[in-house]
Structures are given as structure tokens and as C-alpha cells.
Amino acid sequence: MNNTASWTARLLRADRRSSPARCQVHGTPVRHQRAFHAGPTRWSAPTSSAVKAPRAARGWTRIGPTRVARVGIAVVAVGLAYGLVASAPPVLAESPEELPPNQRLIRLDEIHEHNRTADTYWVFRGDKVYDITDWVPNHPGGEVILRAAGGSLEPYWNIFTIHQKQEVYDVLEQYFIARIDPRDLVDGKAPTGQVEDPFKNDPIRDSALIQHSERPCNSETPESELRSYITPTEKFYVRNHLWVPDLHEADSHRLTIELFDGEEVVYTVADLRKKFKEYSITATLQCSGNRRSHMTQASRPTVGLQWGVGAIGTATWSGVRLRDVLADAGLDLQEPDEDIKHLKFVGAEAYGASIPIDKAIDRHGDVLLAFSMNGQPLPRDHGFPLRVLVPGHVAARSVKWLSKIVISDEESTSQWQRRDYKCFGPNVRASHPDWDSAPAIQETPVQSAITSVRRVQADKLLDSALARVLQ
38 MNNTASWTAR LLRADRRSSP ARCQVHGTPV RHQRAFHAGP TRWSAPTSSA VKAPRAARGW
98 TRIGPTRVAR VGIAVVAVGL AYGLVASAPP VLAESPEELP PNQRLIRLDE IHEHNRTADT
158 YWVFRGDKVY DITDWVPNHP GGEVILRAAG GSLEPYWNIF TIHQKQEVYD VLEQYFIARI
218 DPRDLVDGKA PTGQVEDPFK NDPIRDSALI QHSERPCNSE TPESELRSYI TPTEKFYVRN
278 HLWVPDLHEA DSHRLTIELF DGEEVVYTVA DLRKKFKEYS ITATLQCSGN RRSHMTQASR
338 PTVGLQWGVG AIGTATWSGV RLRDVLADAG LDLQEPDEDI KHLKFVGAEA YGASIPIDKA
398 IDRHGDVLLA FSMNGQPLPR DHGFPLRVLV PGHVAARSVK WLSKIVISDE ESTSQWQRRD
458 YKCFGPNVRA SHPDWDSAPA IQETPVQSAI TSVRRVQADK LLDSALARVL Q
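Just so you know, we're using the numbering used here here: the sequence shown kicks off at 38 and counts up by one.
Among these hints, one or two may not hold up.
[As the list claims (entries may be wrong)] The list that follows gives simulated cross-link-like pairs (lysine to any residue, SDA-like), each with its CA atoms no further than 25 Å apart:
id	residue 1	residue 2
1	Lys441	Arg466
2	Lys165	Leu145
3	Lys202	Lys226
4	Lys272	Arg328
5	Lys272	Val208
6	Lys237	Glu180
7	Lys459	Val490
8	Lys378	Ala364
9	Lys311	Ala366
10	Lys441	Gln248
11	Lys396	Thr321
12	Lys459	Ile377
13	Lys272	Gln248
14	Lys378	Pro174
15	Lys226	Thr157
16	Lys202	Arg466
Simulated from the structure, these hints should not be mistaken for laboratory data.
Please put together the full structure from these sequences, using the hints given.
In C-alpha cells:
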């Protein structure tokens, strides 16, 4: 009996020695699970992928042939004891990293740990889990995507409807790592929760605009409205990357200017109106993606909103000259520090961009801090209460809802400056661009598009819209 107890103890000790081992998967300690292990684990594998373990892994101690008869009773006793430990033949699952993503299972609490405060970011959609850590720097919306880290993408994609297209789904699939453990599913779905809709207070847009996405709003001017030299304000194209900030008080809106030495100077819009001379400039703004649909038709599919010809508009903008404000804040316009290269702009909704300092302080650069459009206060969609206007440069640099300006030795580090608004040749695949090899778009070439063809009688020519423009 003592021998039987001894052998039982030895076998159980051997089993404990072969218990699940810890490993690192995506930087997180996890446990290999054996099919007969009753304790909870973070990673597990379907039983269909389990393989029979070798004898040593199953906790067996080798017994020499001369001792078989002597321990026969012990073996029977051990078998009974082992039956109390496991109700199924002992097997081992493959390690999680060796399984294909479709066969890996992750518990929800593990996903929740990979939130915006972690070193790696996981999200889920349906019952699929994605590690988007490497995608965040390339996300067109910048770090806004981290709002979803550790949880479901679906509540956000229901709000940011621009994501609801196949090309976005295809990109996401590149980061698929596992499925959610069925134990955490309710009616086959993972709980998603609710998020506050940041677009709920967006303004109502003109119904004539051609909409490419609702949230954020991206709508172009109808071709018929481009015939006039000044684009009607309500028909001016709308290009938003995020939601429209809910700003109501124009005069009290604050603009912070950070000088090169780190000192900050703050102006309200009321200060700008009172302290500096107001100028008006008639200038055209154009999205860099204008006519992208034509590129797709003439060459091959392009990535981004498929604009027609209407992501362009001309308006009369009024405000104060940026160079005057910078000089008042303390920047030496005549001999600026030679390390100063760029001027960064930050919007109230987190959008950011920059322009070369030479453009910003050029006497003939005409860069404005604008607070009116076509004689009226800026509409909310177009930057109320304050925006930058950078004539001659792509509209992505004319930051709306301006809240901060930074004098810097480098470009804006925002997604929209470093990983967007860059142009590549047709030999470059959209899935593998070398972003650092291409300069950020600033000035754009002149182009033209025929918006309509009409027959005009000779005696009516002088009354035509074209004649009025030429006058």
C-alpha cells in the first residue's frame, strides 16, 4: 500500500511538472492549455486541433520490465487516481502562435487589456480579433482609432460611416489574429457597448451637395454650381476628417501661439479683430483628391474618396495676416532663427498640418487667419470661428477650427502631414507606400475640367457667365 501511494504521488508530481507552460504572444503572457485542464486560460484551442501528447508530456514515469509484476497493483491504483484528475484522454493543444488565426481563441478580458494605455492595441469586429498596433501610424484618422482599442470597432464604424466599404474591410483583415472565445459570446456575438456620437451636433448641409460620406461629412459641389466665379457658400464643398467641433462663442475663442523657445502667447478672436488690420482675399481651395474618380477610371483603383470635379471652390475670405500676428507674438520676420523651418497648425477636433515658414511669413504669401467667408461669419463646416487660409496650397493645409500654432524645426507630426496627402507614382502599390520618401503636398499644379457644355448665341455671349468673369 505504501508502494502504491508512493507511485501515485510520483505520477501526480510528474503531471504537475508537465503543467501548462507560460509563453509570450503579442507581448502578453498566456498559457498553453491541455484539453483535460480544468482551469481557465486566456488562450485556448479547439479540440479538433489537439494532438495526442507523448508519454513524458502525459506525466508517465518509465518503469523497467523487471519491475512490472511488482507494481501491477500500483498501476491499477494510479489509473484510478488519474481518472479522478481527468475525465478524458490527456492531450496537448498546439501552442497558440503555431495555430492559424482562425483556430486561436481569445477571452474578452484579454482583449480589454490591449486598450489605448497598453503597448499593443487590439480591437474586435464580430467574433474576430485584430492587432492594429502596426496600423495606427498609417490610419487616415490618426490616433482617433485608439478610442476603440480594447473593444469593438462596430459602434465607431456605425458613426464613422466612411469605413463601411470593402477596401477598409480588406485592410483590417491583414491584422486578424484570432477569434473570440465562444464562452464570451451572447447569441453568437460579443457585447459591443455604446459610445457617444461625436457627430450628433454636426450642421445640416445643403441637399444639393453630392455626398461621398456622411460621418465625417465629405460632399462636393455640383458641377452646375461651379459655373459662377464665386462659389455660393452653402454649395461650397465640405471636406471633414472628423466631426465638427461644437464651438459657439466666436469672440472668446482662444488661439495659442507657441514660439520656438516654448513661450506661449494667447489671443482671442476679439483680440485679433481689435489689434490687427483686416484684409480680404479671393482664393480657391481644392482638396488634393479632387478628380480622384477620374484617375480610377483612366488608370486603376485609387485609395480614398472618389471625388468628381467638385472638391473645389472659390470664396472671398476675410481676416488678419498671419505674419502680422506672428510678429506681434515675438517672431523676428526679418531674421528668424535658422532652425525654424515649419509652422504647425492644430484644429480643435485634433486635425493637424503644417506649411513651410517661408510661406507663412512671406509678405506676398497672403496667409490669413480668417473669420469670415463671402462677407459672413465662417460657417461651422468651414472653420467657425477661426481658420487658416493658405492661398495657392492644397486645402489640407488651411486648417479649420484653429486652436494652436507652433513655430517648429520640423513638419507637423500628425497623420495628415506624415502619412496622408502625399503623391506616389503608378508604380507604387497603395498597400506598401514608403511614406518617408515622398514630400507632403503643398502647392499643386494647375488643372482644368469641363463641367458643362452649352450652346450660346452670338448676341447673347456678352450676357453669359463667362463674359462676366472675363470682365
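Q) Of the hints stated earlier, which fail here? A) 1, 5, 7 and 10
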